[in-house]
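Use the sequences and the hints to build the structure in full.
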Amino acid sequence: MKTLLSAFLLLLSATFVQAQALPAFYDVSGVAPDDVLNVRAGPGVGNSIIAKLTADARFVEVVAFDESREWARVNVDETTGWVALRFLDRRPDQPDDQLPRPLTCTGTEPFWSLDVASSASATLDRMDDDAISVATLDPVTSENRTDRYAIFGQSQTQVFTFMFQRDACTDGMSDRFYGMSVDLFVTEDSGVTYLTGCCNLAR
Numbered sequence: 002m003k004t005l006l007s008a009f010l011l012l013l014s015a016t017f018v019q020a021q022a023l024p025a026f027y028d029v030s031g032v033a034p035d036d037v038l039n040v041r042a043g044p045g046v047g048n049s050i051i052a053k054l055t056a057d058a059r060f061v062e063v064v065a066f067d068e069s070r071e072w073a074r075v076n077v078d079e080t081t082g083w084v085a086l087r088f089l090d091r092r093p094d095q096p097d098d099q100l101p102r103p104l105t106c107t108g109t110e111p112f113w114s115l116d117v118a119s120s121a122s123a124t125l126d127r128m129d130d131d132a133i134s135v136a137t138l139d140p141v142t143s144e145n146r147t148d149r150y151a152i153f154g155q156s157q158t159q160v161f162t163f164m165f166q167r168d169a170c171t172d173g174m175s176d177r178f179y180g181m182s183v184d185l186f187v188t189e190d191s192g193v194t195y196l197t198g199c200c201n202l203a204r
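Counting the sequence shown from 1 gives a position; our numbering is that position plus 1.
Warning: the hint list may mix true and false statements.
Distance ranges between label pairs, derived from CB positions [stated by the list, open to error]: (1) Ser-156 x Phe-60: 28 to 34 Å; (2) Ala-121 x Arg-91: 23 to 29 Å; (3) Thr-188 x Asp-35: 52 to 58 Å; (4) Asp-94 x Val-160: 47 to 53 Å; (5) Ala-203 x Thr-162: 29 to 35 Å; (6) Arg-146 x Asp-35: 32 to 38 Å; (7) Phe-186 x Thr-142: 14 to 20 Å; (8) Pro-111 x Arg-70: 34 to 40 Å.
Just so you know, the hints here were simulated from the structure itself, not pulled from any lab data. We put the CB at the ideal spot given by N, CA and C, even for glycine.
Here it is in structure tokens:
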């Protein structure tokens with residue numbers, strides 16, 4: 002009976018972890034104050050250590066889990082690595098079915114950035130011109146996919162549609178790994194511009 006109960010609890014725990022939407026913020030937990038949490042090149046203690054998180058590290062962005070759900074992928078500086086999930090606690094108030102905000106999104110060739118505020122606004126910087134302030138409506142969650150969202154907005158001369166999806170994303174130029182992608186449409190008198198990029202959580 003105890004064996005069956007233990008197996009059930011493990012299965013329940015794994016299912017709960019799997020159900021948690023990413024990206025999300027976590028805090029380091031269970032590490033001694035004078036110790037660190039190793040960030041490894043791959044999921045497993047046999048992989049080399051590429052960085053370290055302090056015992057009191059907060060707002061660590063987790064962008065993926067490995068197949069075992071025992072390791073979490075995080076970004077540290079300009080690279081990505083893996084930490085043992087048992088030493089991370091998910092921060093509260095991060096609903097799986099809502100777009101997390103604020104967000105910072107970027108794209109390459111052409112280079113651009115999008116800052117999505119927690120309020121009804123966003124700022125688009127296409128690098129070759131002045132940054133554009135966008136007044137936005139509240140995010141809309143897809144009726145049949147709770148991992149997809151849309152934001153609609155406008156500036157004085159342009160109309161914007163931002164389509165977000167929780168999925169793996171890379172920018173093709175750096176070693177960073179993201180847990181959310183964005184499709185960005187800019188409509189103006191000269192036509193429609195379509196940009197794609199990746200997003201990370203901001204504070």
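For a quick check of understanding: which of the numbered hints are violated here, in increasing order?
4, 5 and 6
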